[in-house]
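Its first residue numbered -17, the sequence shown is counted upward by one per residue in this note's numbering.
No lab work stands behind these hints, which were simulated from the structure alone.
Here the structure is a predicted model, which is why all the values come from computation and not from measurement.
Glycine is no exception: its CB is placed at the ideal position from the N, C-alpha and C atoms.
Check before you lean on any hint, since a few could be wrong.
Here are the simulated DSBU-like pairs of lysine-lysine, each with C-alpha atoms no more than 35 Å apart in a straight line [claimed, not checked]:
{"#": "1", "residue 1": "K13", "residue 2": "K121"}
{"#": "2", "residue 1": "K13", "residue 2": "K119"}
{"#": "3", "residue 1": "K81", "residue 2": "K119"}
{"#": "4", "residue 1": "K121", "residue 2": "K81"}
{"#": "5", "residue 1": "K81", "residue 2": "K13"}
What follows is a set of in silico ranges between Cβ atoms, one per label pair, in the way DEER data are often shown [stated by the list, open to error]:
{"#": "6", "residue 1": "P45", "residue 2": "A94", "range": "18 to 28 Å"}
{"#": "7", "residue 1": "L99", "residue 2": "R8", "range": "28 to 38 Å"}
{"#": "8", "residue 1": "A27", "residue 2": "T157", "range": "18 to 28 Å"}
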Amino acid sequence: MNTTVSPAKRRRTPGHAQEGAQMSTRMLESKDFWIGCVYFAAGAAGWWIAREYSSGTAGRMGPGYFPNVVSFALMFFGCASWVAAARRDGARVERLNLKGLVLVAGSVAAFAFLLPLAGFVPATAAMALMSAAASAKFKLGVLPVAALAALIAFCALIFIFGLGIPMPMMGSLFTPVE
């Protein structure tokens, strides 16, 4: 008597259906799957925005060439992340860190608000400190303050002095009132 089960019959058994459902649930909980969604969505949005631009050729690039190349690369990496999520058990998505999300987004808003009023130095310091405070490991000490000063000096050298971006080092809050 032949006891082997045909592949068609094996696919119909409840155990294999459960295994497939577990794989799709495992895939949806994977960081690879969700970062693939982010990459693909960013690429699709970039392509949608640049769809009206002339692409030109590799030899004579038009205004849409670079956005399209980057958009398709992002969509490719999104698909590659989905394949990786389906093929292996990756790291699971952790609980959303609301404090970190608010502090990092708030640091960008604080920079935009403080730049015209306080200037580049205080705005950059506020942005860096707020972003660093999003980490559970953040501690303010001598070394982090020295690193912050070096970061501000480096950014000022590049953006204000090197590229000539018109930003005040210190804003109107620090000028004497006459």
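Quick rundown of the hints versus the structure:
Between the alpha carbons of K13 and K121 the distance comes to roughly 28 Å, so the proposed pair stays at or under 35 Å and holds. A distance of roughly 22 Å separates the Cα atoms of K13 and K119; the hinted pair therefore holds under the 35 Å criterion. Of the pairs offered as hints, the one joining K81 and K119 holds, with about 13 Å between alpha carbons and a cut-off of 35 Å not exceeded. At roughly 16 Å between alpha-carbon atoms, K121 and K81 fall within 35 Å of each other, so this suggested pair holds.
Simply put, K81 and K13 have alpha-carbon atoms about 20 Å apart, close enough for the 35 Å limit, and the pair holds. Checked against the hint of 18 to 28 Å, the pair P45 and A94 passes, with Cβ atoms roughly 27 Å apart. Range check, L99 to R8: Cβ separation about 50 Å, and the 28 to 38 Å hint is violated. Here the CB-CB span from A27 to T157 is close to 41 Å, at odds with the stated 18 to 28 Å.
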